Amino acid sequence: MASHLLTAIVFVPLAGAVACALAPSARASRALALAVSGVVLALAVWLVAAFEPGAGMQFVERARWIPQIGAEYHLGVDGISLPMLALSALLTLLAVVASWNVSERPKTYFALLMLLAVGMNGVFVALDFVLFYVFWELVLVPMYFLIAWWGGPRRQYASIKFFLYTLFGSVFMLVGIIALYLHPAGGTLDITALAGRGFPAQFQMWAFAAFFLGFAVKVPVFPLHTWLPDAHVEAPTAASVLLAGILLKMGTYGFIRVTLPILPEASRAWAPAVAALAAVSIVYGAALAFAQKDLKKLVAYSSVSHMGFVMLGIAAGTAEGISGAVAVMFSHGVITGMLFLLVGMVYERTHTRMIEDVSGLSVQTPVAGGLLAFASFASLGLPGLSGFVGEFLSLLGAWKSELVPAGWVVVSAVGVLLAAAYMLSVVQRVVLGEPSKAVAGISDLSLREVGVLVPLVALTLVVGVWWDSLLRYVAPVAAELAKRAVGS
Amino acid sequence: MTELAVLLPEALVIIGALAALFAERLPGGDRTAARLGSALAFVAALSVAAIGTASPIAGGALAYDAIARDARLAVAGLTALYLLWLSGADLERVREMAAFALFAALGGMLMASAQDLMALFIAIELGTMPAYVMMGYERGDARTLEGSLKYYLLSMTTSLVMLYGFSLLFGLTGTTRFDHAGALAPQGLLGAFAAVFALAGLFAKLSAAPFHFWTPDAYAGAPASAVAFVSTAPKIAGTAALLRLATGVSAGEVVPLFFGAAALASMLLGNLGAYPQRDIRRLMAYSGIAHSGYVLLALGAGSANGLAYAIIYAIPSLAVMLVAAEEGTAVDDWAGLVQRRPAVAWALVALLLSLVGVPPMVGFFGKLAVFGAALDAGRTALVVVAVLMSVVSAGYYFRLLRPAFFAEGVLEAAEGVQRRAWTSGAAIAIATALTLLLPLGLRALQTLSGLRL
Amino acid sequence: MTIGAPAGAAQFMALSAVLFSLGLYGALSRKNAVMVLMSLELMANAVNLNLVSLTRFVDPAAMTGQFFAVFSMVVSAAEIGLGLALVLAIYRQKKTVELEAMEELKG
Amino acid sequence: MGYVALIPLLPALSFAVLAPLPRAWRNWLVPVSVAAVVASLGLSVAAFAATWPGGHEAHAQTAFEAVFAHIGGAELAFRLVVDPVSALMALVVTLVGTAVQVYSVGYMHREERIGWYFAALSLFTAAMLTLVLADNFLQLYMAWEVMGLCSYLLIGFWHQQPGPRAASMKAFLTTRVGDVGFALGLLVMYANVGSFDFAAVLHEHAWQPAAATAVALLLLFGAMGKSAQLPLHVWLPDAMAGPTPASALIHAATMVAAGVYLVGRAMPIFEASGVALTVTLIVGALTALVGGLLAAVQHDVKKVLAYSTISQLGYMFVALGAGGFVAGMYHLVTHAFFKSLLFLGAGVIIHAAHTQDMREMGGLAKHMPVTTAAFGAGALALAGVPPMAGFFSKDEILTVLVHEHQYAALAIALAAAFVTAFYVARLFFRVFTGPPQTEHLKEAHVEMLAPMVVLAAITAVVGFAGPALGEFLGHEIPWPEPGVAALSVGVAAAGLAAGWWVYGRRTVVLNTRPLKERFGVLYTALSLKLYFDLTYDNFVVKPYARLAAWLARFDLGVIDGVVNGAGRLWQALSAAGSWFDTRAVDGAVNGAAAAVVASGERVRAIQVGRVQAYQALMFGAIVLVMLLLVVKGV
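Chains as they are written, first to last, in our numbering: chain H, 1 to 488; chain S, 1001 to 1453; chain C, 2001 to 2107; chain E, 3001 to 3634.
The following block holds chain H by itself, in its conformation from the complex (with noise of 0.2 Å):
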């Protein structure tokens, strides 16, 4: 089972998937749902258990699949994904749990969870590149539908433009991909087996355009980022936590996997190119989610903002940096859950999202109040709080680089205070105060709602004060990486 195991994290939700959508009730769809992403959890909690720090790839799988092109069924984990893909298993559980009372075409919708969790789990262990290009756009189409059916009033919009952007990418990275694949150099589609090849410099430069356009509109960076604030604003609860815990860092995720090994010349060459689009993501990003009124469209602009640093982190390209960056990437995607379920929960209690609108929590509902400040205070980055550790290991990385110019640290520094300023002045106008109109008489969160929080909570802060809890994955591969790759 053990050598499986990872062929058992993907396909295990897809098995879901299917019978999610024939199940005989919606109770039934659920509860099937509930089993599959908790059983995913599991191994995923097994595979954390068994993983050997500092190993390298681990529980590599490979078999044959297409011949003709040398693409093979390649699965394994490293430090890096290994941290994702437990994120992934558990926001996919909470995803489920947070749409317990989805009415609307339940088993539809438990069903494409499912399937969004085969891609995304997928995603992050496949270790051949048309397996990892199945996986990355098999996302899209439950993501498309989850918008598009389950959201707010403008989803056809939002849900098309999502579509359009990201597979405007991936195209693009899939024409990257087929040049690695037919330069002299490469032949072969293994990710692991490209590293290190040596390509031309020149080569280099275009394929990491290529790679470029298909990553950073997933990030998204700016200026590519305007699909995310839409998408957001419509997409239901559920399809935003993982649209932000996870789509996302698909993106940074393939810069580290990808670009940065196979490609590292042309990541030194870009790297002052990215770290000014980081910057100014950072800033741009609190700008905007400062100007917002609608409090997840402010949640929404903040996350251009925090991947900004996981971009900061990789264009420096030290192992400071990478671990930042990862850190980012994990912590972002439990802060930003914790963020999105508690709008989600306001929402419903008071419908609607306006800032205006809302405003006493604390008062009214005293544990909704606390944890939505709580998540705030993880999100602008209080020490202590795992928004922290990757915000300042990005920086730190990108000081120490020589690839990053000092100013465009600088700017992502002020990033840090300007991030306290969109936050603080959500936790000054939704949080604290008299209960506004809309809040009197609302109910404070369920067990249940409670309970999908609480595991969030609890990582926030283990991983802000134990930071070795997630670093001892992630620092050994990203020393590797900065080492060979990038030779900083």
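The reader is advised that the hints may include incorrect statements.
Stated by the list, open to error - Now the stretches of chain C that chain S is said to cover, found in silico as 3 or more residues with beta-carbon under 8 Å:
#, segment
1, 2061–2068
2, 2073–2084
3, 2087–2093
4, 2099–2105
What the hints assert, rightly or not - Reference listing, derived: stretches of chain S covered by chain C, where coverage requires no fewer than 3 residues with Cβ under 8 Å from a Cβ of chain C:
#, segment
5, 1113–1123
6, 1130–1141
Bear in mind the hints are in silico, worked out from the structure with no lab data behind them.
On a predicted model such as this, the values are computed, not experimentally measured, just so you know.
Beta carbons: idealized from backbone N, C-alpha and C, even for Gly.
Keeping the supplied structure of chain H fixed, place chains S, C and E upon it in accordance with the hints.
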């Protein structure tokens, strides 16, 4: 006689066609005729697979290599699928439709193996003439007749241009055989002209721009049930023929230049033209133009991957048109499809995604093959256009999904739901299964070998 | 070229080209569908001329061109028949065979 | 020394216990918080006693160590280390913390959310103790930020009112401006040294002047935010919107002094830079004077104290800037005691008078003798009158300035001292003397008085411990030199006298306007009678008031305005950005989509529906290809 054993599939198809045409008193009538044809076409497809590759026959006029094998398999298989659907369709004169489809299939299968100008010409005409009839199937409808006449006139014109090209090729090279690369490569400017004429005719068969004008009008006039067949199986055969002929006439700069220009024009005109369409037939016509552009992209790079792409794209295309034949040809006719026929609606998702080229659907592997071939030939700019246009295509394909899934305020018109024959569901299901499962069996497609290791 | 001298391949090809172009012109300019069909027939005959005449110059023994021309003629006849049937059907519907009356499908 | 780990841990546990509980339980468990801080105090005393004998010669002892991260070859650890400075700071923090918590039991007992208040105080105490016991800059920074959170929570304790809500946000954001500098300082430090540990950064690394200047200035910037130094001081007066005891602990005694502590700890870097020291001196001197001037025109009791705190912190920076680390620390310690005392006294006063405006107060002395005495002790200490602690530490700072020949700074410091004495007198006389304006004045409860008395006693005696403390910290603190002492006392006395002349001399506050309206002629006579007052008013008070008011306006209009204006500008920019995002960035994409649709319509236009047009187009295309072939020449 043993040599002629490779023609067993064609023989089966002829039997089916004749049976449908003449056996008016078959028990079960038209339906039985279509089912018999379907079964025979299916057996034909199986026998193509069983026979595999063989040496050329008829003095070298007909080749039975991998190209022929894959194309014939696909044509026969698609015809079987189409006839299966037809056998349960709520249409009149199904028997005649079945017969014409089988004749067209026969022409297509011969086209796929023809490597002689004469054989090719006859095969093309054998494939095209039944198509005229099918497209003019609704004899009482002025629009159908108009579309059909346009199809006929434009097709004739291009056929004659092609034939004129053939005659020049023959005159310049002294042979009609194109059984190896450059076998029919004429010299000089006149030779280049001849090649252009000859290829233009085949471009028109594929409805590649700028010879695509007949397509939207003819499709929009014809019944969707006819378009379903005419827009798919013959194109596979046309691709195979074009592949052979292009190899045969590979005269200097002509092929890459002409193919590149046509591919570019097709991708742009097809994808952009499809965007504003509200009639599914017309939309699929433009989408077909676009896909022909991708096919030409690969063929122009000298890769057989174009054939694989043509096959891969024909499957979902056929199924989508079958849905249109059942549910209506206006985009809005599909409103509320997910309530009426959820399985069909979800099948459409897979089919349309395959057309977009999203994995894990087979369409993705088709795009992979085409882009790979073109990149390998250094046609990066064309690939970038292709890639951009495939994103555009997602836009209009999703427009088809939108009413099917998200139509607001559609009543659950339970009483209006027709009982469909099991065959209609089965045909769509098989097509969907193929788009989903074909990736697992891709290694069977030998033509998909342009991506070399 | 002197009058009375046996014609060469080029002359035949030129004649064929002229015929083809005339047919093409007709097909492009005639308003009447029947006239267009006749023009197409002219184009077909240009092809046949080519085939038959060029055989003499490239491979007189094999008579490939003649065969080809026979096939071509048969097929053309069938096609024109089909075309006339279509035009007839249209005439029954619209009481006209002017091509201008057939511009309903577009876009 | 393992028990040292308990010093921050106990308050932290108290927070961990209180915070997640429902409100009723939390309120019921308030004693847990008090008990925790008392226990921490006991342990701090023990730690202090254990460190005392060896003094500065004793090695720093690591009481607790936990490595929490390995990055790029460096280990990041959480360590609690006891050396004389940290032992002293821990003692001060727990002492003031205990006093404030005991006081708060009385002060806050009517509050519905008293449990939350104590939880926040506990977290703050834990963070501050973690900060002073840290042996590396990263841990210090992290604790520093957590303190900022607590400060935010406590300022905004009455968050239903808009004032505290706005003030809390302003405080957090303004200090975070400084924190960005601090964080950048850490980045530069790590890039140069590869570690955050005090030992490595301060002692083992040979600093290049340029790098040292960069790090030192960035750290100083952080310290300026936290310690409310010009121009980042604007948040502190607003922070007075929080509960008074919290102000006493956080915004007077401990947190705001963390900046001083940081600069003190990082002294070797500042010394390696040189420039940074000068900057520190300038910042401190300006703040000391401006803070004092502003304090003198405030009417709100707490704001007077807030500006006073700003000014006194400026003093400490002056000491540090002159290289007098121990003098700075000494003033930090004494200031912690007497300023928290003053705040606690202010709390009692506010409770009694039901107002914070000193114009509406008066005559409290008669009814509240204990408070008056304790407050008086604090006031004298602040004014720098011997034998109160403030005199000794201020004198030490002046001595350092004399020794370092910083005469300009000395002059400013003396001017500030004069102003300080003046506003102290103004405050005291306005509040405690004159006619009572409030009825039912009565003395506070014992749990409020006791901490004040204890703090007053410490204020009275701790000054005499100076030399011993100097010995302990490793730098001599001499007894006051007669010359400097005389100067300092003289200035203080002058200030007090001036204050008394203006505010204390009169026993009746005259409201002249009704008189002026009714008896116009008589008014002139009265005004003639008040000729001296008018003279002083016109030639001393008013110009001074105008100057101070102008400064206040400057502060509000320019510096605060810059901050607020930056906020507004930011808001405007954000809105513009939002527009830009929808129109331009998104618009480009939507534009592309529109272009697709438009081109689609173009393509449709080609499809005219006429067969012969199609044929013409096709042949046109063929002819084009033929022409191309001709041109290219096959």
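Taking the hints in turn, this is what the structure says about them:
Under the rule that three or more residues need a Cβ within less than 8 Å of chain S, the assignment of the segment 2061–2068 of chain C holds, with 4 such residues. Look at the segment 2073–2084 of chain C against chain S: 5 of its residues bring a Cβ nearer than 8 Å to a Cβ of that chain, three or more, so the hint holds. Using a Cβ-Cβ cut-off of 8 Å, 4 residues of the segment 2087–2093 of chain C lie near chain S, which meets the minimum of three, so the contact claim holds. With 3 residues having a beta carbon nearer than 8 Å to a beta carbon of chain S, the segment 2099–2105 of chain C meets the requirement of three or more and the stated coverage holds.
Look at the segment 1113–1123 of chain S against chain C: 4 of its residues bring a Cβ nearer than 8 Å to a Cβ of that chain, three or more, so the hint holds. By the rule of at least three residues with a Cβ nearer than 8 Å to a Cβ of chain C, the coverage given for the segment 1130–1141 of chain S holds, with 5 such residues.
Consistency with the previously given hints is maintained throughout, with no hint failing.
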